[in-house]
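As they're listed, the protein sequences go chains A and B. Following the working numbering, the numbering of the first sequence begins with 1 at its first residue and continues without gaps. Following the working numbering, the numbering of the second sequence begins with 1 at its first residue and continues without gaps.
None of these hints come from the bench; they were simulated from the model. Do not take every clue at face value.
Unchecked claim - Derived, one-sided and incomplete: chain B residues facing chain A with beta-carbon distance under 10 angstroms: (1) 45; (2) 46; (3) 52; (4) 127; (5) 154; (6) 158; (7) 169; (8) 172; (9) 254.
The C-beta atom is built at its ideal place from N, Cα and C for all residues, glycine as well.
Protein chains: 2
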Amino acid sequence: MESLKPLAAAPLPIGVFDSGVGGLTVLRALRAALPAESYLYLGDTARLPYGTKSEHTVARYALQAADELVERGIKCLVVACNTASAAALPALQQRYPELPVIGVIEPGARAACAASRNGRIAVLATESTVRAGAYTRAIARVRPDAEVTAIACALFVALAEEGWTEGAVAKAAAERYLAPLRAGGAGASDALVLGCTHFPVLLPVIVAAAGARVRIVDSAATTAAEVSSLLAARALLRPAAAGAPSLRFLATDAVSRFAAVGGRFLGTPIEAADVELIDL
Amino acid sequence: MESLKPLAAAPLPIGVFDSGVGGLTVLRALRAALPAESYLYLGDTARLPYGTKSEHTVARYALQAADELVERGIKCLVVACNTASAAALPALQQRYPELPVIGVIEPGARAACAASRNGRIAVLATESTVRAGAYTRAIARVRPDAEVTAIACALFVALAEEGWTEGAVAKAAAERYLAPLRAGGAGASDALVLGCTHFPVLLPVIVAAAGARVRIVDSAATTAAEVSSLLAARALLRPAAAGAPSLRFLATDAVSRFAAVGGRFLGTPIEAADVELIDL
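Isolated chain A (complex conformation) (with noise of 0.2 angstroms):
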């Protein structure tokens, strides 16, 4: 592709990909920080969850969701999904040299070495995410002398998108995934990583579950921030005289489903008629 010119760059909204309805988790703290921007957002609905697939088909997929993304266009790129962007982050970057592509991982891993003081840090995630130990290295770059405890939650991303982010499931679920942690198993650890968008929604039983003294580490705030900056040290922040800004959805299956269950992680209803169902 082109280079982007800021001029004609500005006014085009920010891409936002998932494989679902997680990534509105993120979606929504951009919106908070950015409300003048316009958004697309992708959820892949019809091949989710990534999080039990292989690096190879994920990675395969993501490139699919950003061409559809690109040919609409938009002016930067982030990839909501953690388990996409441990597996795809380079490939889109290659894909496409001139447009920032900005991933839920490194910010996550960023805010969670700020958090913890003693170095001993847990990573909720993913399967997929967890496997490729994409959090574990992120961290090592920035404090290599941390210890990362990583916890596949797979059963979190079923009760967030169940609804039943409180009761009697959910903390059973909570109490056991985070056993290590309250052992001391995981050493100690006093730092926390959301490393799936799905789990904010649980912040509630997994904060009782991991006891007070641990602190709770969402990326989506992080790299809504760090898009933030990015932004505007590129000059790309959509100026005010391109009107009101426009928030559009793509899915590639279920759009009734995904108005229905989105609205839970946007935290603001979404109506069907504003998803467009699409194939990739």
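Given the coordinates of chain A, assemble chain B onto it according to the supplied hints.
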């Protein structure tokens, strides 16, 4: 395709198709009923779960999987996935008019009607199977006066895949999903269908939550019995002269995960070397 010639077709394997590993509970019942048969199992692990996808998408995926199995040579097709049975059976039968195609819903519905005394039947299934109303219709065809309560139990799939088939989380989830039955809101159902192939591994917690007076129907065994009589009627049983039967697996992604998790469903270990990675 051409009409199946019994003499030529009898040595061919039985094709079994599922969205992932859950259908291995059906393969397990088939092997118990028909130990002399060869089997070719296809798990569409790259695109699972089907249970949250639209019927149109599930039907398209099912046809692609069937094409692959037919291309490799099978004498009958068992659609082990409830969601795919609900969404794609007519389309599959239309595409392959000469090939016996058996789904799991009709056998399950018949077994439930036989098991129930009071005609009040509960069905536990995925979101997609419940939304499609497939069990409700299939039961009504057998027993028009039956009252069916269908409960979507998305979390059961995640619990089964995580291997959390007992303990506090599974117990709490079963109690929450089955609360309508215990409260009598489901009209005191006396039969309950496990309408998803993932659910049999959760049988003990489901039994505990449903109460002792409810008879549990697993469509795997009923489906295997139906396949057995169908092959006998069409002279398609595998002749002893054909030698030792084979058991092969195809998966569209994450072969090592398929082998690791699949063993729990098949009831016997699966070697990763016996699973072939394919692209649909």
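Results of checking the hints against the structure:
The closest approach between the C-beta of residue 45 (chain B) and any C-beta of chain A is roughly 8 angstroms, which is under the 10 angstroms cut-off, so the hint is satisfied. The beta carbon of residue 46 (chain B) is positioned within 10 angstroms of a beta carbon in chain A (closest approach about 6 angstroms), and the interface hint is therefore held. Hint on residue 52 (chain B) holds. Least Cβ distance to chain A is approximately 7 angstroms, under the 10 angstroms limit. Against a cut-off of 10 angstroms between C-beta atoms, the interface hint on residue 127 (chain B) holds, since the closest Cβ of chain A lies about 8 angstroms away.
A distance limit of 10 angstroms between C-beta atoms decides the matter here; for residue 154 (chain B) the minimum to chain A is near 5 angstroms, and the interface restraint holds. Because the beta carbon of residue 158 (chain B) sits about 4 angstroms from the nearest beta carbon in chain A, less than 10 angstroms, this interface hint is met. At a threshold of 10 angstroms, the smallest CB-CB gap from residue 169 (chain B) to chain A is about 4 angstroms, leaving the interface hint in force. Because the closest C-beta pair between residue 172 (chain B) and chain A is about 4 angstroms apart, less than 10 angstroms, the hint holds.
The interface hint given for residue 254 (chain B) holds, since its Cβ lies 5 angstroms from the closest Cβ of chain A, which is under the 10 angstroms cut-off.
The structure fails none of the hints (numbered hints given earlier).
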